[in-house]
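Trainee: Chains as they are written, first to last, in UniProt numbering: chain A, 1 to 206; chain B, 1 to 206; chain C, 1 to 206.
Source of the hints: derived by calculation from the structure; they are not laboratory data. Since no wrong hints were added, every one of them can be taken at face value.
It does not matter which identical chain is used: a pair holds within one copy or between any two.
With a straight-line Cα cutoff of 25 Å, these simulated BS3-like cross-link-like pairs (lysine-lysine) come out:
#	residue 1	residue 2
1	84	147
2	26	201
3	147	26
4	147	201
5	201	84
6	201	82
7	26	82
8	84	26
All values reported here derive from a predicted model rather than from experimental measurement.
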Amino acid sequence: MEIITLIDILGTISFAISGVLTAMNKRMDAFGILIIALITSIGGGTLRDVLIGKTPVTWMQDQVFPTVIFITAVFAVLFRSKLKYFRRSLFLFDTIGIGLYTVTGVQVSLAFGLDPLICVILGTVSACFGGVLRDILCNEIPIIFHKEIYATACIAGAAAYLVFIEFTMTQTLAMILSGAIIITIRILAVVFHWQLPRLYKKEVTS
Amino acid sequence: MEIITLIDILGTISFAISGVLTAMNKRMDAFGILIIALITSIGGGTLRDVLIGKTPVTWMQDQVFPTVIFITAVFAVLFRSKLKYFRRSLFLFDTIGIGLYTVTGVQVSLAFGLDPLICVILGTVSACFGGVLRDILCNEIPIIFHKEIYATACIAGAAAYLVFIEFTMTQTLAMILSGAIIITIRILAVVFHWQLPRLYKKEVTS
Amino acid sequence: MEIITLIDILGTISFAISGVLTAMNKRMDAFGILIIALITSIGGGTLRDVLIGKTPVTWMQDQVFPTVIFITAVFAVLFRSKLKYFRRSLFLFDTIGIGLYTVTGVQVSLAFGLDPLICVILGTVSACFGGVLRDILCNEIPIIFHKEIYATACIAGAAAYLVFIEFTMTQTLAMILSGAIIITIRILAVVFHWQLPRLYKKEVTS
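Looking at chain A on its own, in the form it has when it is part of the complex (with noise of 0.2 Å):
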């Protein structure tokens, strides 16, 4: 259990990150850019946990996070010039942190008795959709629904999760394994830059 509590907060700490770095792009003040790293590391799992009626939301459950939140904040900021230099290792973090996601996200709504193609759903929200309202608050469109393959991982690794348990494979070989496959898609796709297919003419840049 200890190796999944510190990839969580590897997780959380890469997805704080990424907040602080898209509030300081917007210039927001201390609060705001406390807020968005907040956001970004909790979103998708609150978006979960509210949708199914689990409540108090998971991270009200335990201060550690919001306080892991808060000194990453504070650290991104103090360092941010220096933040270029651990690009690789946030990227692997967070990469690492969806497959976790994910796959915690699938077993939650199992447990509370959802369909397959509900939980496949809830699993990519959880992972995904921390960015996706530290977009909306940014006044971005989603990064996600216009670039990278990046939720799609999150799909192929909540459904081979799905397929894994049925297979009577245990719940953690199934979770590695599905883990695995999201981190490999993941990485493939940033190697070769894969996206999903063109679906219009001419591409304009926004």
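Take the given structure of chain A and dock chains B and C to it, following the hints.
Mentor: Chains B and C only, in chain A's frame:
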């Protein structure tokens, strides 16, 4: 009951298509289009359910609706150049859809023992807030806040439903009549270009 | 208890008016104005209730608040050219309002057995997120994320309330004192143009 399910599905389809068109207008990728279609269709009912505490929210109880929306989104993308030929049918489905969603929204609220004014608000939210969420995610001011008689028709129909029920009309009859009121107002509003009274001296085109 | 109801209603009125002004600034129609007034007034408490699972959310228990907001919106639209004469009163009501909403938000959270840090966050959400939702619906970056000491006053007051309660002060006294802290910080911030420390080398006017 079957006719209601049919109306519900036709309404869902026309809402999903309106989501696809808005998302493609913003040049979103396949994932973005799917999410916008989903949120346009189910966003209003979801918000109502979350506000009254009816969780897991309604669309999670049944995989039919997400599936219909998914198939609709795929077809709408593939045959987008043909959609204009169905414009009139889509408008009709949408209009019948908001009629149904308003009335069922009021019914759900009544079942939760809420006061009449709250029921009217929640009926309107059920019918209109899918479109509001669609516009927010596409980084637009919600269209129903500044154009067309749309929500106003829902408010009138929701209030009428409560009056009809008060006069000991049967649920079914009250539903048909108040649905008809919404549909009639909406169609007249579009045919005769009705708008809410102007509040500004010279109108700007935004 | 009556004085609290009065403060609550005055706060609601001033929040509703701020919603009306923002919506008219975006040239919304009557329906849009009403919705923005409603969401500005009740959005913060609603979000708090949804996050902790206190549903149906508070404003649905009592038709008084939607009614007050509706009447306020009508009057604000009719007498909008006169509103500037009440600017100072409106600022005062708003400021007393956020004091009250913060403290009651903390009290509700304590009643749900939540940890201190979470109570502070939820008190601040109760007071500030109506304005955040107003700005999102009007397609603006929320003003409290980049201007003025506003949320910061709420955070200070919420934390103070918890400290006072810890020191076995009575609820009423703790409420008055922490409310006074919020009001004082807010007024001083506006009078002396306090801002959070600058994080950017040269400030741009956005």
